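**Student:** From the two separate chains plus the hints, produce the assembled complex.
If you read the protein sequences in the order shown, they are chains A and B. First residue of the first sequence? That's 1 in my numbering, and the numbers climb one at a time after it. First residue of the second sequence? That's 1 in my numbering, and the numbers climb one at a time after it.
Don't read these hints as lab results, they were simulated from the structure. Since we're looking at a predicted model, the values are computed, not measured. Hints should not be assumed to be uniformly reliable.
As the list claims (entries may be wrong) - Example chain B residues on the side facing chain A (calculated, C-beta under 7 Å, incomplete): (1) R96; (2) R105; (3) D111; (4) H123.
Claimed, not checked - Simulated restraints, written as ranges between beta carbons of each label pair: (5) A:V156 x B:E138: 43 to 49 Å; (6) A:L42 x B:A126: 42 to 48 Å; (7) B:R89 x A:A138: 54 to 60 Å; (8) A:R9 x B:E175: 25 to 31 Å; (9) A:A126 x B:E129: 45 to 51 Å; (10) A:G234 x B:R89: 46 to 52 Å.
Said to hold, decoys possible - Not the full set, but computed from the structure, chain B residues with beta-carbon under 8 Å of chain A: (11) F20; (12) K67; (13) V74; (14) V100; (15) L112; (16) D116; (17) A126.
Heads up, the beta-carbon is just placed ideally off N, CA and C, and yes, glycines get one too.
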Amino acid sequence: MADDAGSVRLYGRLVGAEVRSAMEYPGPFAASLLTSFAIAALEVVAVAAIFSNVDELVGWSLGEVVLLTGLAQTGFHLAEVTVGQLDHLPDLVRSGRLDTYLLRPRRLLFQVVTQDVDLAALGKLAQSVAVLVVGLAATDVPFGPRSAALLVVSLVGGAVIYAAVWIATTAVTFWLIDSREVSAAFTYGGRQMSMYPLGVYAPSVRTLARYVVPLAFTAYYPALGLIGRDDELGAPAGLAWAGPGVAAVTMVVGLAIWGAGIRAYRSTGA
Amino acid sequence: MTGVAGGEVLIELRGAEKVFTQRVRRGRLRRVRREVRAVDGIDLTVRRGEMVGYLGPNGAGKSTTVKMLTGILVPTDGTVRVDGLDPNRHRIELARRVGVVFGQRSQLWPDLPLVDSFELLRHIYAVPEADYRERRAELDELLDLADILDTPVRQLSLGQRMRGDLAAALLHGPELIYLDEPTIGLDVVAKDRVRRFLAHLNTERGVTVLLTTHDLVDVERLCRRVVVIDHGRVVHDGELAALVRASGATRTVVVTLAEPGPPLEVAGVAAVAVDGVRQRLRLASDGVSASAVVAAAMARAEVVDIAVEEPAIDEVVAAVYQRGLADPV
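In isolation and in its complexed conformation, chain B is listed as follows (with noise of 0.2 Å):
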């Protein structure tokens, strides 16, 4: 299996399940009640140390799914356990010992300085002052966060918010954080910050992690482990690699040509897209190799510029989505 071995289990779901019952208007007056299964009989299992990427396209039900974790909504049906505790029944004994970054939402206090609302998440976590202290001083180092520390948190570029939500969740020392999409519309170089931070968190202090994202360089910098979910569903649980090689999701040499021309004819693609100068070439599957496409390329025609496009996580998604239906992991 892909989990750290002979490490405990930390969340286990089983046959999980949360329907939502929706009043859609028929008409005037009347409404009519509709079923939503947002999640559908899920398992799945994470082990302390482990972290993991929780992929999915939009309400697929990834959120539902940390909801559930976290005792924010009760399942349906089917069981929930973190550390072998009810979410719903030990949502407080639970919070003290989890941590949670929503990307697109800030628990920060907008018109404070950011430290100030580090300040009151420590009360609010009842932190002892010295574990405040030694976890602010590493928090401050590993996300640079002393310029920024006296700013309001509404002046502060996304990124910087970023890094001080991030900072908030772990002030209580979380043995198990959620994020939600943490590296959302950030700068290349605020996603790579973010990455070695949440890196640092797994292997050194042993930090379990669920990772819920669209950034296939996320996953692949991050996560061995990939879940993917759709319609509520698991349709795929093992390794990266595997995920791609399943999906028949295929990298793309792109050649910037010295003047355009027809579309080039390469062994060993599988289609071609041709937008001026620029030609896309897409590998008709993972065996061909890049290098060899390049160099028949070359042959064909002046090449000025060449670069290797990884398939896109959507992509991957998407495909991996479509036959999951069919055939389910």
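For reference, chain A alone in the conformation it holds in the complex (with noise of 0.2 Å):
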């Protein structure tokens, strides 16, 4: 589009706005900052306590469980930041504010997200960063090109991959009218999810993270590519570099879902 330099400078404006509105309460500001931060540490503490009672976890260590956790939260926490505005669809649908954004000249999803920003999520991410610090060190992946070539390219797609995830089963808001439950099921659920190896799950679990909702390359395919280890599931090496192709035909879907779903809320009302 024309003004998608200008979206761009309006992002940021929006998004300005969103912080300065935050500072008018410093107070609970920083205590949500700071309870986001110790809420996140906890799903750590969680993988520390499975490790004090076996030594691994089908035939990974604690070091490499945690990079793995680091990468699914590193990612996931990056699309909440952008796009985790979207788990109040259903209060805008209610109230009517999101008549308000269909007035203006903008696209709707893009307003929804520039909308009551949780910097909280901040808090989050800066925790899940640390992890994944901790995680790169404890597994010794070689510093180098390549292995930050494939961080990042597993970042930005598991990123994409989430907030993939989270514009679709939003969506079901425009039917359904609240649909919290469904997206926080395949959101946090699949950040959750995807924080233990995929050898875990049960076969149908493993299809549906490999092939449905592709979360097995938000984190798992990554992982085993930075470690430098064989899929025991049996899936080629090269599939940790496939997270940005997976990410984008995901995003394709996600947005065909959220463009019906404004289809439906237009024909029907809410």
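**Tutor:** Okay, structure coming up:
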């Protein structure tokens, strides 16, 4: 589109306005930042708790699972900071604010993700980056251009996959009024699932994560590539690099579902 | 006709229908689908430069009409055109040329100073710098915004916020505005200011206005033409005076007596309501002279105060609606 450059600047302005709004209440803002950091940290405690009872999980060491956790969390929280505002969609529909957005000459999705930005998600993002760094150190991932490139590719791919899943599952709101449960099962639930090696899951879940909702590409395959080990489930090594391609396809599908949702909303009302 | 002569057609609804499907609970699990016709075949033409009062009881289909005109909702049947464009397919293009104010819903950023909302909207609408500055200067003056620009929106009074929302809806220089109860909840001074501003927009700027309201004074002061809808159908489309006449609603003479007494018997009065020293005399018809009634009342009792009340819009609309069911206009 012609005004894409303008959209990037407008994105900055709108998110900036959200930051200034949050700063109107510095106390609650700091508290929620700390809380979100702590909650994210608890998930790592859960991983550590498992390894206090076992030495390895389907052949994965503690350090390797921490790396997996760091990848899953970082990709997820990157997506959360960007599109987590979609969780407010049911409220926007109910309060009529969504209609206000439809009166403006901008795409609906763009307006939804630039309102009510939850800056506390930055706390979770910071925590997950820390976990990722610990995981990289613990697994002796060789430091070099290949692993650096693979890391960037994985995180971008992972974030886009989570964002696409978020967009697609939130669009259910347009048909069902409140999609939060459905959406959370795939987004928050998907992150939770991706924190552990695919091998611990039943074959049906593995199939789902590889071919349907491609969460295996957010952490599992990238982690294999970074550590340099073969997939015990027999996937080719090159899949570690497939993230962005899979992400692009997932996003196209996600946006199509979103578009269908808006059309349903506009023809049925809510 | 009542439209401005020669003005080109800006809004056109032809047999517009909007049917919602609701799921109604019947028993613990059973849900029955029920169809609700919010808009049931509306024909309406508004020409450029007109200011039309769009009235009707709650749930009559006013908001649904506006939502179809803005492309938020797609009509179930019939056609809707705004400046020849289908609002459904050209939502974004039309949004650049149309302004909307919902009296009970603000589009401003509550935690930021008012001026920040203006700046953000300027970028959302991609308003060129020079145009923006010119319009801001005009709106700041007409709506007296200077003192409230730096106040966070959540701290504004209702009247101040409404002025802010009006300005916000006009920053991109729309040629057409939809106003949904723009004076609701405002005090007399604030209402007057908003009305004068709307009149200025329409007469000086040629902005076309579709005004939804429950306030008869809004309509009297601003709109020559009034469209009344009920149950999703147009039951009146014409001049305000004709509407009041058609409704049969009449004025009321309110007299305050020196001391309480029996209901006054005065020719030309249809009904008397007594409330202590105050008596409300409803005129029998539009032809009865209020001053003759006042004179007759003063001949019968000692009157310390008098007032003449116009028929309330709700009564007028209700009367037109009741008549409209049997005899649609």
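**Student:** All hints are to be evaluated individually against the structure, with a verdict given for each.
**Tutor:** Hint by hint, here is what the structure shows:
1. R96: holds, 5 Å
2. R105: holds, 6 Å
3. D111: holds, 4 Å
4. H123: holds, 5 Å
5. A:V156 x B:E138: 43 to 49 Å: Given about 47 Å between the Cβ atoms, the range holds.
6. A:L42 x B:A126: 42 to 48 Å: holds, 45 Å
7. B:R89 x A:A138: 54 to 60 Å: holds, 56 Å
8. A:R9 x B:E175: 25 to 31 Å: holds, 27 Å
9. A:A126 x B:E129: 45 to 51 Å: violated, 38 Å
10. A:G234 x B:R89: 46 to 52 Å: holds, 49 Å
11. F20: holds, 5 Å
12. K67: OK, holds: K67 of chain B within 8 Å of chain A, min 7 Å.
13. V74: holds, 5 Å
14. V100: OK, holds: V100 of chain B within 8 Å of chain A, min 5 Å.
15. L112: With a closest approach of 6 Å, the L112 of chain B hint holds.
16. D116: Interface hint status for D116 of chain B: holds (6 Å vs cutoff 8 Å).
17. A126: holds, 6 Å
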